[in-house]
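Chemist: What follows is each chain in one-letter form.
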Amino acid sequence: MTVMSYLGAIGAAQREAMETDPRVIIMGEDVEANVYGTMGGGKSRADKGDFLQLFGASRIRNTPISEEIMVGAAAGAAMTGLRPIVDLSYSSFLYMAMDQFVNQVAKNRYMFGGQASLPVVFRSAMFFGLNTGAHHSDRPYPMFMNVPGLKIMVPATPSDAKGLLRTAVDMDDPVLSFEACILWGLKEEVDEQEYRIPFGVARTHREGTDVTIVGISTGVHAALQAAQKLEAEGISAAVIDPRTLVPLDSETILRSVARTGRLVIVDPAHTTCSAAAEISAIVAEQAFDCLKAPIMRVTTPDTQIPFSPAIEKQLYPDAAKTIAAVRKTMDARARAA
Amino acid sequence: MTRPNDLLIEMQTRMLRIRKFDERASKMVKRGEIPGTVHTSIGQEAQVVGACMALAEGDYMTGNHRSHGHPIGKGAALGPLMAELTGKATGVCGGKGGSMHLADFKVGSLGESGIVGSSIPIATGAALSSKVLGTGRVALAFFGDGAANQGCLYEAMNLASVWGLPIVFLCENNQYALSTPAHTVTAGVIAERAPGFAMPGIRVEDGQDVLKVHDAVKTAVDRARAGKGPSLVEVVTYRFNEHSEGLRLGTDYRNPAEKEAWMKRDPVKLFRAYLTDNGITDSAALDALEAEVTAEVEAAVQFAADSDYPDSSVAFKHLYTEPFGANL
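Chains as they are written, first to last, in numbering that gives the first Met the number 0: chain B, 0 to 336; chain D, 0 to 327.
Warning: the hint list may mix true and false statements.
[Unchecked claim] Derived CB-CB ranges, DEER-like: (1) D:312 - B:258: 26 to 36 Å; (2) D:311 - B:312: 45 to 55 Å; (3) D:0 - B:303: 56 to 66 Å; (4) D:311 - B:326: 43 to 53 Å; (5) B:129 - D:134: 39 to 49 Å; (6) B:52 - D:195: 47 to 57 Å; (7) D:251 - B:20: 54 to 64 Å; (8) D:226 - B:52: 37 to 47 Å; (9) B:191 - D:34: 48 to 58 Å; (10) B:20 - D:313: 23 to 33 Å.
[Unchecked claim] Some chain D residues near chain B, calculated using beta-carbon distances under 8 Å: (11) 55; (12) 57; (13) 59; (14) 95; (15) 114; (16) 117; (17) 121; (18) 123; (19) 157; (20) 199; (21) 278; (22) 319; (23) 320.
FYI, nobody ran anything at the bench for these hints, they're computed from the structure. Built from N, CA and C at the ideal position, the CB exists for glycine as well.
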């Protein structure tokens with residue numbers, strides 16, 4: 000085990016994948032210069048392994064700022080024998096390539112009756128909470144959950160990021176990875192050996208008997224902080240991170256809700272049609288009888304993200320909002336009783 | 000360029016296959032035997048076959064909504080294509096693609112596209128694979144004059160040029176994007192956009208002549224295979240039918256004199272005359288060939304008719320590699 004940051008863990012997974020399989024290539028804006036620190040040590044710390052030196056210019060490819068061709072060419076390359084990892088920098092840049100994502104990446108295997116496989120990973124960072132304004136602060140994974148054919152990972156910890164990314168690269172389906180920038184510096188003991196975390200298997204961070212808190216991306220950390228504080232009040236909260244939204248491990252969530260009877264979902268996406276909305280619908284449909292209180296969503300309100308530090312942070316889910324939501328579900332029981 | 004006689008005969012065979020297949024498909028749409036509609040390549044056979052036959056067997060191509068000609072030109076079997084048009088389980092895509100989304104990976108056909116221009120990046124990616132893996136394969140992206148105004152084409156041309164990818168961008172300029180004359184929405188000459196991306200641009204003015212198309216595309220393919228990068232080839236041609244079968248527009252957007260002049264330049268007839276005039280073959284042999292192709296198309300129609308519709312469970316297959324869910 001060794002201590003790795005979230006970014007370092009992504010870099011480690013990319014290096015493993017590049018070393019293991021010559022069909023893996025990395026393409027994206029500024030990947031040669033290692034601007035985001037996921038490409039090994041970079042030129043300045045080549046002793047840590049600079050990807051360009053290690054793997055060469057044929058496999059580490061700087062692209063023009065042309066998202067549509069980056070995404071489409073990666074899809075075409077994946078259909079013909081490569082296994083590209085595309086670094087799209089910011090998540091809001093994905094919109095530039097919406098046609099390729101929705102009409103080609105997601106549909107080609109299906110539309111062509113299984114003739115195509117698309118082993119390709121699209122990584123992007125969500126820069127919310129960092130005063131980057133409306134164009135860089137999006138958390139757009141729910142839009143892509145509405146596109147059958149894509150798989151979606153939202154790692155919340157370094158160890159999950161490394162293990163999920165390895166699985167993603169090995170998988171024959173297209174994967175979108177949404178990585179929250181505020182987690183970049185988060186450190187954790189991570190296995191430096193190869194390991195893979197399966198898609199569709201949630202991670203239960205804590206067991207609990209009073210309430211189930213499902214956290215997504217940064218929401219996992221808000222949930223964990225909330226659970227710790229609630230414990231002091233005598234409220235036992237389970238914290239579950241689905242880790243992948245497609246496929247979604249609804250079984251683990253349903254099992255926990257069956258035990259607790261209460262569900263709070265912490266999701267930094269906008270409320271309407273968020274991952275939280277979908278999870279809440281699944282639980283309402285399949286475990287209504289278990290519920291002792293209405294399901295609560297702790298999400299970002301349906302407004303755009305303002306620049307001013309004075310007004311941005313209030314919008315996102317945090318531990319305090321999560322605790323407030325949990326208390327509401329506990330009060331609901333009190334009212335009912 | 001000298002070409003062996005059997006190659007010339009094969010060109011005529013494939014043009015006839017497209018003509019007969021599309022004539023039949025057109026009738027079937029009108030009789031309700033094909034659901035939805037189709038976009039025929041009738042009139043554009045020389046442009047399609049001249050390009051497809053400039054490619055080698057393992058080469059890749061992508062196409063567009065005017066979709067049947069491309070896989071036929073690349074050598075796909077007709078039965079599974081016709082079964083796909085009728086939505087049958089034996090269709091080349093198992094009945095899930097339909098006319099606009101044909102793909103036959105066996106012949107390097109990576110997919111037609113119902114979104115104008117959308118498959119150009121896919122072909123560019125196939126060229127990237129070829130370059131990184133060193134397979135020596137060339138990719139060709141078919142797109143129309145309408146797609147020539149899509150941004151993704153220029154993103155693709157730029158990337159292919161800076162990376163030196165083995166690809167041919169083939170513009171099938173049939174002069175109308177549905178009802179809109181290309182010159183009213185397109186600045187300048189499409190082929191002349193190529194030098195801006197540091198690649199050759201070739202314009203084939205007579206796209207009804209299969210040999211002229213073949214010459215131009217072969218030059219571009221050879222260049223790509225030699226590692227010299229991409230080219231843009233614009234082929235001027237004309238579709239003889241309406242944009243899609245069954246479409247009835249209240250407006251006659253094509254000048255009757257223009258239409259008549261182009262209809263006289265039927266690529267199948269022109270090449271037939273070339274083959275007999277140059278003593279490559281004779282009329283009797285060509286009549287026999289035509290009868291043979293007609294029978295081949297009828298057999299494809301019969302194959303489609305005899306095939307079953309897909310099981311309802313197929314609607315849920317092939318979205319992902321199976322099984323889907325945990326432990327993938």
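Chemist: Now, for every hint given, state plainly whether the structure supports it.
Modeler: Hint-by-hint comparison with the structure:
1. Between residue 312 (chain D) and residue 258 (chain B) the C-beta distance comes to about 34 Å, which sits within the given range of 26 to 36 Å.
2. Remark: the range hint 45 to 55 Å for residue 311 (chain D) to residue 312 (chain B) is upheld by a beta-carbon distance near 50 Å.
3. Separated by about 60 Å at the C-beta atoms, residue 0 (chain D) and residue 303 (chain B) satisfy the suggested range of 56 to 66 Å.
4. At roughly 48 Å, the beta-carbon separation of residue 311 (chain D) and residue 326 (chain B) lies within the given 43 to 53 Å, and the hint holds.
5. Between residue 129 (chain B) and residue 134 (chain D) the beta carbons are some 43 Å apart, a value that agrees with the proposed interval 39 to 49 Å.
6. Between residue 52 (chain B) and residue 195 (chain D) the CB atoms are about 34 Å apart, so this pair departs from the stated range of 47 to 57 Å.
7. For the pair residue 251 (chain D) and residue 20 (chain B), the supplied restraint of 54 to 64 Å holds, since their beta-carbon distance comes to about 58 Å.
8. Taking 37 to 47 Å as the suggested C-beta distance range, the pair residue 226 (chain D) and residue 52 (chain B) does not conform, at roughly 24 Å.
9. In this structure, residue 191 (chain B) and residue 34 (chain D) meet the distance hint of 48 to 58 Å, their C-beta atoms being roughly 56 Å apart.
10. With their beta carbons about 32 Å apart, residue 20 (chain B) and residue 313 (chain D) fall inside the hinted range of 23 to 33 Å.
11. The beta carbon of residue 55 (chain D) comes no nearer than 15 Å to any beta carbon in chain B, farther than 8 Å, and the hint placing it at the interface is violated.
12. At its closest, the beta carbon of residue 57 (chain D) sits 11 Å from a beta carbon of chain B; the interface hint therefore is violated under the 8 Å criterion.
13. A distance limit of 8 Å between C-beta atoms decides the matter here; for residue 59 (chain D) the minimum to chain B is near 6 Å, and the interface restraint holds.
14. Taken as an interface hint, residue 95 (chain D) checks out: its beta carbon lies about 5 Å from the nearest beta carbon of chain B, inside 8 Å.
15. Of the supplied interface hints, the one on residue 114 (chain D) holds, with its beta-carbon coming within about 5 Å of a beta-carbon of chain B, less than 8 Å.
16. Taking 8 Å as the C-beta cut-off, the interface hint given for residue 117 (chain D) holds, the closest approach to chain B being about 5 Å.
17. About 4 Å separates the beta-carbon of residue 121 (chain D) from the nearest beta-carbon of chain B, less than 8 Å, and the hint is met.
18. A cut of 8 Å between beta carbons decides the hint on residue 123 (chain D): the least distance to chain B is about 5 Å, and the hint holds.
19. Satisfaction of the interface hint for residue 157 (chain D) is found here, the shortest Cβ-Cβ separation to chain B being roughly 6 Å, below the 8 Å cut-off.
20. Checking residue 199 (chain D) against chain B: minimum C-beta separation of about 20 Å lies over 8 Å; hint violated.
21. Contact between residue 278 (chain D) and chain B, as hinted, is not supported at the beta carbon level, the nearest pair being about 42 Å apart and thus beyond 8 Å.
22. Residue-level restraint check for residue 319 (chain D) holds (minimum Cβ-Cβ distance to chain B is 5 Å; threshold 8 Å).
23. Of the supplied interface hints, the one on residue 320 (chain D) holds, with its beta-carbon coming within about 4 Å of a beta-carbon of chain B, less than 8 Å.
Violated hints, in rising order: 6, 8, 11, 12, 20 and 21; the structure is consistent with all others.
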